[in-house]
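**Student:** Sequence:
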Amino acid sequence: MALSTLDVAKAVCILRLATHVAMFVAARARVLRRPAARRFSSAWEKPFPSILIAKDSVSAQGSFAEAQATYLQPNMASVKELDALLAKKKLGIVAHFYMDPELQGVLSSLQWPHTLVADSLAMGEAAAVMAKNGAKAV
61 MALSTLDVAK
71 AVCILRLATH
81 VAMFVAARAR
91 VLRRPAARRF
101 SSAWEKPFPS
111 ILIAKDSVSA
121 QGSFAEAQAT
131 YLQPNMASVK
141 ELDALLAKKK
151 LGIVAHFYMD
161 PELQGVLSSL
171 QWPHTLVADS
181 LAMGEAAAVM
191 AKNGAKAV
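Under this note's numbering, the letters of the sequence shown match residues 61 to 198, in that order.
Watch out, some of these pointers could steer you wrong.
Unchecked claim - In silico DSBU-like pairs for lysine-lysine, Cα to Cα no more than 30 Å straight-line:
| id | residue 1 | residue 2 |
| --- | --- | --- |
| 1 | Lys-140 | Lys-150 |
| 2 | Lys-192 | Lys-140 |
| 3 | Lys-196 | Lys-150 |
| 4 | Lys-192 | Lys-149 |
| 5 | Lys-196 | Lys-148 |
| 6 | Lys-115 | Lys-140 |
| 7 | Lys-140 | Lys-196 |
| 8 | Lys-196 | Lys-149 |
| 9 | Lys-148 | Lys-192 |
| 10 | Lys-192 | Lys-150 |
Said to hold, decoys possible - Beta-carbon label-pair distances, calculated as ranges:
| id | residue 1 | residue 2 | range |
| --- | --- | --- | --- |
| 11 | Val-85 | Ser-117 | 49 to 55 Å |
| 12 | Phe-108 | Ala-78 | 40 to 46 Å |
| 13 | Ser-117 | Leu-77 | 57 to 63 Å |
| 14 | Ile-113 | Asp-143 | 19 to 25 Å |
| 15 | Asp-116 | Ala-197 | 36 to 42 Å |
Treat the hints as calculated values from the structure; they're not laboratory data. In this text, a Cβ means the ideal position worked out from N, Cα and C, and glycines have one as well.
My request is simple: use the sequences and hints to build the entire structure.
**Tutor:** Structure, rendered in structure tokens:
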């Protein structure tokens, strides 16, 4: 009895599926044989990312929380220096949200009104308004 091309293709698909199922079952059996304490990654042993905000301080645990703390506590000397320079030169600043938290923290702490951290569309609109309101360059 001769097999058609369709029958051969079906047989190949069934064999592939059976192979994948067997591989999955074998992998799952290996996982289940491990001691329970070893089933989870070591990342779970680290403290949950958190940021504690007190009256006079910010403390962070974990890289994401540390980035937030950097944003919340910018270098105030840089803020004052940049504020004075922007006012003196009458400059505007528009910047993307995806920048480092250190830079975003400094920019968001400026008193100078011609400053914005946003997405591209808002940056373009803000730059036009800044120029209209007296910024000599953006």
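**Student:** Against this structure, judge whether each hint is valid.
**Tutor:** How the hints compare with the structure:
no., hint, result
1, Lys-140 with Lys-150, "15 Å, holds"
2, Lys-192 with Lys-140, "25 Å, holds"
3, Lys-196 with Lys-150, "6 Å, holds"
4, Lys-192 with Lys-149, "16 Å, holds"
5, Lys-196 with Lys-148, "11 Å, holds"
6, Lys-115 with Lys-140, "22 Å, holds"
7, Lys-140 with Lys-196, "20 Å, holds"
8, Lys-196 with Lys-149, "8 Å, holds"
9, Lys-148 with Lys-192, "18 Å, holds"
10, Lys-192 with Lys-150, "12 Å, holds"
11, Val-85 with Ser-117: 49 to 55 Å, "54 Å, holds"
12, Phe-108 with Ala-78: 40 to 46 Å, "43 Å, holds"
13, Ser-117 with Leu-77: 57 to 63 Å, "59 Å, holds"
14, Ile-113 with Asp-143: 19 to 25 Å, "24 Å, holds"
15, Asp-116 with Ala-197: 36 to 42 Å, "38 Å, holds"
Checked against the numbered hints given earlier, this structure breaks none of them.
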